[in-house]
Amino acid sequence: MKYWFTFLFALGLSACAQAQDTAHYPAPIQALVGQGLVIKGPLPAPAGYTGYLGDYGGHAVPVYLLPDRKHVMVGTLFDASGKDLTQGPLESASTPALDEATWTRLGKASWIAEGATHPKRIVYVFTDTECPYCHKLWQATQPLLVGGDVQVRHIMVAVIAPQSAARAAAVLDAPDPKAAMHEHESAFGHSPIAPLKDLPAATGKRIEDNNALMDSLGISGTPATVYKDAHGKIRMAVGMLPPDQINAIFGK
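If you count the sequence shown from 1, position 96 lands on 95 in numbering that gives the first Met the number 0, and the numbers rise without skipping.
Some hints could be false.
In silico DSBU-like links for lysine-lysine, alpha-carbon gap of 35 Å or less [as the list claims (entries may be wrong)]:
#1 K251 with K119
#2 K227 with K39
#3 K196 with K119
#4 K135 with K232
#5 K135 with K177
#6 K177 with K196
#7 K135 with K227
No lab work stands behind these hints: they were computed from the structure.
Construct the entire structure; sequences and hints are all you get.
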């Protein structure tokens, strides 16, 4: 609950209102909007309550108008058994749709491919050169890619450390980016691929665009894996994956 109290305190200090059409909102919701909250859409709520998906400073915020329509609360709802009624709906409401347009955008990103040259399956992984969990995932997938029909496309982002962008640029601008990435990951922590001292503007833009794509998909950490399941449905998994999931996604 500490997060929500912090959020309310921040709202109380905010003097800037987002430009929104608030006339159709009940007065308590209008009051929060006037203090900087952005209403992104509806949020499933128990009978009598009206739920809203809010955004404050880039964070998804659950907002509930109480049955009297005169009061509003920000935070997590629990039922009589202690079940969390907020987290699931909040995640579903705040996660962008993963559709074919998303898949096309991923294909146009700046990535480094490894695995099959003529793949039957493609997997995208948002990867930061300084991310230890990205490295662990890379290690775990290497044996599965040998002689397989999966191609992994590493979308290079810079979100972990100050040198992330400069090292990602060194990998992307190498004569053989795939080889450079392999050298870096094989010696993670003692990488022979040094961050560039001067980041080329064009390469920096490629990395910034990848970061923006990551943000637009609601991804807040690396690694993040985007793939199609056996039915062709686009799925996303964030963080280091368990062995069975790695085998299912990257295996032959």
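Consistency of the hints with the structure:
no.	hint	result
1	K251 with K119	10 Å, holds
2	K227 with K39	27 Å, holds
3	K196 with K119	39 Å, violated
4	K135 with K232	26 Å, holds
5	K135 with K177	17 Å, holds
6	K177 with K196	21 Å, holds
7	K135 with K227	22 Å, holds
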